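Starting from the known structure of chain H, arrange chain A on it as the hints suggest.
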Amino acid sequence: VTADWVVGIGSPSGDDQAGWLFVQALGNRLPNETRVVRLDRPGSALISLLQEADRVILVDAMQGGGRPGAVRHLVDGDWTRHRGGLSSHGLGVQDCLMLARELRCLPKMLDLYGIEIRAALPGAVPSKAIVSAARQLADQIVANWHKTGQVDKKSSDRSRNTN
Amino acid sequence: MADQQRTVSIHVPVLTRVEGEGALQLRIQDGRIEELKLRIYEPPRFFEKLLEGRSFDEVVDLVARICGICPAAYQITAAQALEKLFGLEPSSWVKAMRRAMYCGEWIQSHSLHIHLLAAPDFFGYDSAIAMAKDHPDIIRRGLKLQAVGNALMELFGARSVHPVGIKVGGFHHAPPRDQVARIRAQIDEGLPLAEELVRWSAGITMPQDDQVFTSVASFDAGRYAIEAGHIGASDGLLISAEEFEQHFIEYQVPHSTAFFSRLADRPYLVGPLARLNQNGKQLPASIQALMKETGLTFPGRNMFMSLAARAVEILYALVEARGLLDHYERPARPDMDVTPRAGIAMACTEAPRGLLWHRYQTDAAGRIVTARIVPPTSQNQGRIEEDLQQSLTAFGLEKDESALRLHCEKIIRNYDPCISCATHFLRLVVDRQ
Chain H
1 VTADWVVGIG SPSGDDQAGW LFVQALGNRL PNETRVVRLD RPGSALISLL
51 QEADRVILVD AMQGGGRPGA VRHLVDGDWT RHRGGLSSHG LGVQDCLMLA
101 RELRCLPKML DLYGIEIRAA LPGAVPSKAI VSAARQLADQ IVANWHKTGQ
151 VDKKSSDRSR NTN
Chain A
1 MADQQRTVSI HVPVLTRVEG EGALQLRIQD GRIEELKLRI YEPPRFFEKL
51 LEGRSFDEVV DLVARICGIC PAAYQITAAQ ALEKLFGLEP SSWVKAMRRA
101 MYCGEWIQSH SLHIHLLAAP DFFGYDSAIA MAKDHPDIIR RGLKLQAVGN
151 ALMELFGARS VHPVGIKVGG FHHAPPRDQV ARIRAQIDEG LPLAEELVRW
201 SAGITMPQDD QVFTSVASFD AGRYAIEAGH IGASDGLLIS AEEFEQHFIE
251 YQVPHSTAFF SRLADRPYLV GPLARLNQNG KQLPASIQAL MKETGLTFPG
301 RNMFMSLAAR AVEILYALVE ARGLLDHYER PARPDMDVTP RAGIAMACTE
351 APRGLLWHRY QTDAAGRIVT ARIVPPTSQN QGRIEEDLQQ SLTAFGLEKD
401 ESALRLHCEK IIRNYDPCIS CATHFLRLVV DRQ
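Line by line, the protein sequences give chains H and A. Residue numbering for the first sequence follows our numbering, beginning at 1 and increasing consecutively. Residue numbering for the second sequence follows our numbering, beginning at 1 and increasing consecutively.
For reference, chain H alone in the conformation it holds in the complex (with noise of 0.2 Å):
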């Protein structure tokens, strides 16, 4: 069973590649045993990957108002403050979390981070603080692996989870 996840999420639309750059950027610079993959837009499908796995490392765009290409580390206590549209059409990476916290089958930890997006157009390419931001985040994440043997081991702990 594969215990650790890192998963990009994105759709073809300009900086909402984020998550997708992100895991273009790692490469194969992580461990063999750790799954690596890009999504689009999954769904309530991400809450059967989550309990798979036993830490993830999940990146996607936000639009939080911030400085495009600044990246946010999100710990429990943010992603479960706000509430969005819960659809089967749109059901969002947030709505899957707190869906699945509810069920309790999120993993034992679970590191969750945002890069801030302006655009998401259709078919648009991303801008350069966006491929930026991905790729210093791969590296930030390689390196924490590199230190410490596992992946992001420092800011996992951070945002562990209880249930």
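These are calculated hints, taken from the structure and not from any lab test. Keep in mind the model is a prediction, meaning the values are calculated, not measured.
Facing chain H, according to a computed beta carbon distance under 10 Å, are these residues of chain A, among others:
no.: 1; residue: Ile69
no.: 2; residue: Ile129
no.: 3; residue: Ala132
no.: 4; residue: Pro136
no.: 5; residue: Ile139
no.: 6; residue: His162
All C-beta atoms, glycine included, are put in the ideal place defined by N, C-alpha and C.
The following block gives chain A in isolation, referenced to the frame of chain H:
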């Protein structure tokens, strides 16, 4: 206060579990509904223009983008219309596997609607997230069934959202036997869950609100219609897809960008309840026995029976898909050669939300000259307004705005409307005079 005009605007900024953007204008005067307008915005119309000038082999992937939850319905309907136009008869393998894929779409769409969108209404929760706290097993069951549906779609389409497997003339790829066997095992695991779901749905206390309406659904002699058949109606109509435009009249209203549709000058119902009403007797004996045992009887006049109808269709789709995948053999070729030609053709299938009708005109090179797509939600608009009129009156117009709004949302959600894939809120404006 009752004698004064009072306008109350209620905004529900998040989480109304309705697909897309909708607004409801309600004016109550002297205790009667004087005006009720459901305003919705239906994006598929843009696709019809977008398709013009495109080659026939681009159409299937383009129409998949109309809807993120029922792409296979659009793809299969388009492929079948174009195959008809080019004089092609797909192989029995292609027909069977398209039906199996369609089953997957019904399973995933219905499962999500029942558990994430509709169920909270009947258990007093404002969302599935809130409901999951107290009833995690119910929500888990929904997600498990939805996963089976997704797996079936991925088997043929490589992915469940905007799958890419279908083409004019067949499929791009035939899955290997071991992959089919794995999905078959997942279906077996899903069957008891679906039976449990039917029993559970039959036990939910629903508002009693019988209404008179016309049910419209495809009719396929010998089996429950999904991806093939004529168009039938509870008023006795039975026509081919080619005759659709002679009977079903689409028209515009000022308050909605989506077309309304009428049959014999009246609104009508499409979707799971209409299908059960029309074709319930074609279900396998085992499913009919379960329905009888649990007290589910169709035809039904209570619109809130739609939830149970979806549950029954999930069970049927699992049984049907299992049968279609039994003794699966990989064909030598999953498609056939296509020679385009000029012409016009129509096709219809049963999308999860109801009858979906396509019409294409091509030139000699197979480029689309004109396209027309009539999705289920636009057909149901008139029925939803009619239902709201009757249900709100029965509910009690004297109720406060909050109660009225919640009841309106409950009624609308019951149709599982796919209004758009953009924003998600219902804004209700009540004008009392």
